[in-house]
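So the sequence lines, in the order shown, correspond to chains A and B. Take the first sequence: its position 38, counted from the start at 1, is 38 in the numbering used here, and no numbers get skipped. Count along the second sequence from 1, add 1000, and you get the number used in the numbering used here.
FYI, nobody ran anything at the bench for these hints, they're computed from the structure. Glycine is no exception: its CB is placed at the ideal position from the N, C-alpha and C atoms. Heads up, a few of these hints could be off.
What the hints assert, rightly or not - Using C-beta positions, here's what the derived DEER-type ranges look like: (1) Thr1097/B x Glu15/A: 35 to 41 Å; (2) Glu56/A x Tyr1050/B: 27 to 33 Å; (3) Pro1008/B x Asp18/A: 38 to 44 Å; (4) Val84/A x Ser1081/B: 42 to 48 Å; (5) Val13/A x Ser1009/B: 29 to 35 Å; (6) Gln57/A x Glu1053/B: 33 to 39 Å; (7) Asp55/A x Met1015/B: 46 to 52 Å; (8) Glu10/A x Arg1022/B: 30 to 36 Å; (9) Asn67/A x Gly1072/B: 39 to 45 Å.
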Amino acid sequence: AQKVTQAQTEISVVEKEDVTLDCVYETRDTTYYLFWYKQPPSGELVFLIRRNSFDEQNEISGRYSWNFQKSTSSFNFTITASQVVDSAVYFCALNSNQAGTALIFGKGTTLSVSS
Amino acid sequence: EPEVTQTPSHQVTQMGQEVILRCVPISNHLYFYWYRQILGQKVEFLVSFYNNEISEKSEIFDDQFSVERPDGSNFTLKIRSTKLEDSAMYFCASSVTIYEQYFGPGTRLTVT
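Generate the whole structure from the sequences, applying the supplied hints.
Here it is, written out as structure tokens:
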């Protein structure tokens, strides 16, 4: 079965704090893709990153970084020096051969950054 | 930068009415999708469309739903007889391959 678990429902931080959003996935496929999407209050889904199962290198993009660990089936997302504009719901998602063309989303983590 | 567009942004309809949600995918994309998000819940896959036919559909996508690509640019989702539980945000997405799907801004459907 394909499943994505985001155990943190809501996180509140103060600006400039670092925050890590957790994502744990389940799949029996050896080839799969993991994604993070951001949903700001305006409602759209913004693609942030895609990572395939063969590439365990961590990635950094500005204040964002991602830690992919196959051993623990986790794909965590860290925002460094958070800003108010980072306030949004963040979704982790999985795609694999079993899932076909569908993205399987987690329930999302609501991040609130206050000034 | 090319983007997926959706119209209308908000649709209010009465139970039992038919609605058509419209999407214009990114022009060179080959795969098209519809997802829905009930308020406060996760995003759920409805259907994918490739080469002018449905590739896959979820259990949610029952006989009340249909999709169409009536011309070279539009991709529509029709709900034949809306129910209260169809109230949700509906997202269209498109992609070149099945990976890295780009989402539109969504249509909020309210069924009264």
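Okay, the hints, checked on the actual structure:
1. Thr1097/B x Glu15/A: 35 to 41 Å: 38 Å, holds
2. Glu56/A x Tyr1050/B: 27 to 33 Å: Given a distance of about 30 Å, which is inside 27 to 33 Å, the answer is holds.
3. Pro1008/B x Asp18/A: 38 to 44 Å: Distance hint for Pro1008/B, Asp18/A holds at roughly 40 Å.
4. Val84/A x Ser1081/B: 42 to 48 Å: 43 Å, holds
5. Val13/A x Ser1009/B: 29 to 35 Å: Given range 29 to 35 Å: holds, Cβ gap about 31 Å.
6. Gln57/A x Glu1053/B: 33 to 39 Å: With a Cβ separation near 37 Å, Gln57/A and Glu1053/B satisfy 33 to 39 Å, so the hint holds.
7. Asp55/A x Met1015/B: 46 to 52 Å: 48 Å, holds
8. Glu10/A x Arg1022/B: 30 to 36 Å: 34 Å, holds
9. Asn67/A x Gly1072/B: 39 to 45 Å: For Asn67/A and Gly1072/B the Cβ distance comes to about 42 Å; the hint holds.
Every hint, counting from the list given before, is met by this structure.
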